[in-house]
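2 protein chains.
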Amino acid sequence: MEWKNFDLLDSYKKLAGLEKTDLKAVMAGESGAERVKKYQVPMPAGMKYSFAAKQVNDETLDALQGLADEAQLTEKYAALYNGEVINTGEKRLVLHQLTRGQLGDDVIADGVNKREFYTTQQSRAAEFAGKVHAGEIVNEAGEKFTTAVQIGIGGSDLGPRALYISLENWAKVNGTLKMEAKFISNVDPDDASAVLANIDVAHSLFVLVSKSGTTLETLTNESFVKNALKEAGLDPAKHMVAVTSETSPLAGNPDYLDSFYMDDYIGGRYSSTSAVGGVILSLAFGPEVFARILDGAAASDKLAKNANIFENPAMMDALIGVYERNFLGMGTTAVLPYSQALSRFPAHLQQLDMESNGKRVNRFGEPISYKSGPVIFGEPGTNGQHSFYQLLHQGTDIIPLQFVGFKNSQMGNDVDIQGSTSQQKLCANVAAQIMAFACGKDDENQNKYFEGGRPSSIIAGEQLTPEALGALLAHFENKVMFQGFVWNLNSFDQEGVQLGKVLAKKVLAKDTDGALTEYSKMLGIF
Amino acid sequence: MEWKNFDLLDSYKKLAGLEKTDLKAVMAGESGAERVKKYQVPMPAGMKYSFAAKQVNDETLDALQGLADEAQLTEKYAALYNGEVINTGEKRLVLHQLTRGQLGDDVIADGVNKREFYTTQQSRAAEFAGKVHAGEIVNEAGEKFTTAVQIGIGGSDLGPRALYISLENWAKVNGTLKMEAKFISNVDPDDASAVLANIDVAHSLFVLVSKSGTTLETLTNESFVKNALKEAGLDPAKHMVAVTSETSPLAGNPDYLDSFYMDDYIGGRYSSTSAVGGVILSLAFGPEVFARILDGAAASDKLAKNANIFENPAMMDALIGVYERNFLGMGTTAVLPYSQALSRFPAHLQQLDMESNGKRVNRFGEPISYKSGPVIFGEPGTNGQHSFYQLLHQGTDIIPLQFVGFKNSQMGNDVDIQGSTSQQKLCANVAAQIMAFACGKDDENQNKYFEGGRPSSIIAGEQLTPEALGALLAHFENKVMFQGFVWNLNSFDQEGVQLGKVLAKKVLAKDTDGALTEYSKMLGIF
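Each protein sequence line maps, in turn, to chains A and B. Yeah, the first sequence ends on 570 if you go by the numbering used here, and it's all consecutive. Yeah, the second sequence ends on 570 if you go by the numbering used here, and it's all consecutive.
Same shape as in the complex, but just chain A:
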């Protein structure tokens, strides 16, 4: 197996030399219909990845398959799940897929079978959640806990929060919403204050999540919450559990009701299927629903093993994204779920993608001379249509679009107006947008002219169930992983976040000079 910079591959030159597809032309008429039928890859939970409206043709796809083979994407994935040190910067294994299935060899690290380690933590979380729901673990007054509050930031917040919001209403109508979940993340004191003002602390169970047990924001918010509990005459140790690594100061600490473990082989942004998401989601929805999320993710992980890009949706998605980034010159990607439940999913993907592949050095620490990860942003449709879509349709840059849509709503409550339901209107809008972006519209009035040629894909499914959500989550994790392999990056460290932390400590220690002193004065710190 060879780790080479992207621009040293034969496929790079080949892709650079290909004629560009005229998207507007190929998506018109019968040719467009044929493309929709042909250019799709099945995904788990009845979903499919459809890329007919991407700026590719058979020749591009051949070259992208060639790139996948030459860059040894499936071999590198196998190396990862079989336990090689893929996170070269921090010299760590990368094992998040192992939280939801065994894809290859047993992985033994630190003297333990890691699959067993993760499933043990899942069982412990499930058992704990079961006891909370059954009223066996209760507050000091012997009353049931009704609310679970996650205290964490970054990967300990965005993924679990996005998943919770995605299934909250589904769980309500399916009778599996066991506890309401809330999240505290920001060091801004107004964040914790506002959450605490809106919950009944006496019936709240706090889940403190920090791998190292040293995250500034999380420890600060822990103190905030402990103060609030004490002020209410409550014992914090009876209201709080920890999710942390076995070597952290939070592990097995009597200040917590219980501790659940993660390890260094799962980065924060990949940790939703570990105990980081497992504890809060098992508390909120019950362990059975969390297990269904894992099943969906495992199914996506399995598909990602396929060498044929027409059988590997994450790899297809990844390669088309690379083509857009490096050969079509598109620097931003919009994630546009036509599902209100996925309202915070783009924020999770923003971290997942930008923190993994927003890098300027390769996995050996050498500067690269091609573009790496794009900027990711997005909001749910149809809301975005009434907001930033103007620029997407008629702006001076072309922004590739990643749509997601489902045939059925989650809550099943709908209204028929002028011959169609809201859900049909929602789906009609996403179908219409794909075509509007691809084909545009001629008009003599240039202000009403749409040039088209704006590429999009859609992941289309039946309903946003726990399995579909897990499959979506893992699809994007694997997409980002494959792109990192192509760009020859280490997608699993994040050195770019360190400098700010160091300088913030200097400010708080009043150890500054020059402009930093002036800014500190301006912000009232000095």
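If you're looking for bench data, these hints aren't it; they were derived computationally from the structure. Hints may be right or wrong, so weigh each one.
All copies of an identical chain are treated as equivalent in the list; a pair is satisfied when it fits inside any one copy or across any two copies.
Mimicking PhoX-like on lysine-lysine, the simulated pairs with C-alpha atoms at most 20 Å apart in a straight line are [said to hold, decoys possible]: (1) Lys-492 - Lys-175; (2) Lys-492 - Lys-550; (3) Lys-92 - Lys-565; (4) Lys-135 - Lys-492; (5) Lys-64 - Lys-554; (6) Lys-120 - Lys-545; (7) Lys-451 - Lys-565; (8) Lys-270 - Lys-492; (9) Lys-68 - Lys-545; (10) Lys-282 - Lys-175; (11) Lys-545 - Lys-492; (12) Lys-68 - Lys-81; (13) Lys-81 - Lys-554; (14) Lys-485 - Lys-550; (15) Lys-451 - Lys-550; (16) Lys-120 - Lys-135; (17) Lys-175 - Lys-270; (18) Lys-549 - Lys-485; (19) Lys-549 - Lys-492; (20) Lys-58 - Lys-48.
Place chain B on chain A using the hints.
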């Protein structure tokens, strides 16, 4: 007054020829401290716009002042607020500033003094809100309304929602939270279902907002809500008011308790200070708080009249943004408020900016040959630091950053840990980030190397009060307006949203062919 394309101005050539500032060098040591002291513009409510960490120097600023003069920015602003037809596409006046003050001549349109029209609507909204709060307007059971629910999308949603979230906790601690506000926007039936499941409909007052009275999503959601009210045995006409234009089917309709008016001279994304924001915010916070938002906005509008860019923060901000976009080649801007209360403010700015200036034709409908509005995205700090900042620090593209921060929290509840409060930690982080982005850090290990040279500005204030919020809102509206003037765009129409609507109607009428038929099948519409 002359409307010329940007690249035809002498200033364009001048700016293109300027030597680029070495940001890393000028922000180091004493030079950096001097820049922070010198490169700032006062804003209302004790705020300042600080641009020391932007990639500009005195020579650039001279040239930008020259551009402001040559492009006649203050004259064009005066033409706008004095009632010229600035929205050339739709042949309309542009009068949103008039909702908060009289900047120039009386503007008479449709036979009425428009300032009087807007203030009359404000008084009517204030009077109505007062009666609701006093229990003079009540539900059928004679009980007080406790919750106000806005039904609207795009500009009828994002701005008012962002403003509500920005002040919700401030209002709680200051005893002015009169009613809780909720928002329904998406045509996704799960959006309305979820909101309705979480409120007490019998004590809820719905504010239906649609200028035309024909917005698909809003009318659909109105039906949704009316069904829910009827199912609860309630009379919808006793639970709903309309905010609309005087000529819409919703105006003066007996189906509503009352109607409040806007007009065609205020675009949706500029309508937060009209009745679109006024009714819901007066209900939620009381009319006095809404009036304070207007005062802050009016103060920003007044500053925007200054021809000297050192006395006009919106113009300075606009011009630096243009310089980054057209001469430094930066295509995206991140908005990063270090304030949890501003969590949805970036989503509002995303619409404001991208819908206004995401255009490829000038105000005469002729294609332009330079870049116009950038992509805007953002999340509050410190959360973003643990998410996408990796790419901002070490990615292959440079993304200009727009920070916002306040010395004091809104709720005043804080905790001291290791010698500093949460608020101090929050402010220390934003100060540190500015310097980390500007100056970077040398390291032999390229993976830990930060190249710096990444420009940012900060709007720094005392506290996020209603005045500060109003001033921020108008600052960005005026920034976008000035940029539109420089780019010679019509920032006040949005033809780019039309095609999708037309095609969605075709889908719902089953009047499709080719790929659109296939997508409709894939999404279960046919």
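Subject >> Within, between, both or neither, where Lys-175 and Lys-270 count as close if Cα-Cα is 20 Å or less >> reply: Neither. Shortest intra-copy (23 Å) and inter-copy (42 Å) distances fail the 20 Å Cα cut-off.
**OP:** Please work out whether the CA atoms of Lys-451 and Lys-550 approach to 20 Å or closer within one copy, between two copies, in both situations, or in neither?
**Re:** Between. Shortest inter-copy distance 18 Å satisfies the 20 Å Cα cut-off; intra-copy 53 Å does not.
Subject >> Status of Lys-485 relative to Lys-549 across identical chains (alpha carbons, at most 20 Å) >> reply: Answer is between: at 16 Å across copies they meet the 20 Å cutoff, but 55 Å inside does not.
Original post:
Is it within, between, both or neither when you check Lys-120 against Lys-545 at 20 Å Cα-Cα?
Top reply: neither (33 Å within a copy, 45 Å between copies)
Subject >> Lys-68 and Lys-81: within-copy, between-copy, both or neither at 20 Å Cα >> reply: within (17 Å within a copy, 53 Å between copies)
Subject >> Status of Lys-554 relative to Lys-81 across identical chains (alpha carbons, at most 20 Å) >> reply: Between copies only: 19 Å across chains, 63 Å inside a chain, cut-off 20 Å.
Subject >> Copy assignment of Lys-135 with Lys-492, given that the CA separation must stay at most 20 Å >> reply: Between. Shortest inter-copy distance 15 Å satisfies the 20 Å Cα cut-off; intra-copy 55 Å does not.
**OP:** Could you figure out if Lys-58 and Lys-48 sit no more than 20 Å apart (CA to CA) within one copy, between two copies, both or neither?
**Re:** within (16 Å within a copy, 43 Å between copies)
Original post:
Checking Lys-120 and Lys-135: alpha-carbon separation at most 20 Å within a copy, between copies, both or neither?
Top reply: Result: close within a single copy only, 16 Å intra versus 59 Å inter.
Original post:
Can you tell me if Lys-92 and Lys-565 fall within 20 Å by alpha carbon in one copy, between copies, both or neither?
Top reply: Answer is between; shortest inter-copy Cα gap is 13 Å, intra-copy 54 Å.
**OP:** At 20 Å max between alpha carbons, let me know whether Lys-545 reaches Lys-492 within a copy, between copies, both or neither.
**Re:** This pair counts as between: shortest inter-copy Cα distance 13 Å, intra-copy 48 Å.
**OP:** Could you place Lys-270 and Lys-492 in one of the four classes (within, between, both, neither) given a Cα distance threshold of 20 Å?
**Re:** Answer is neither; intra-copy 58 Å and inter-copy 36 Å both fail.
In the structure shown, a violation is registered for the earlier hints numbered 1, 5, 6, 8, 17, in ascending order.
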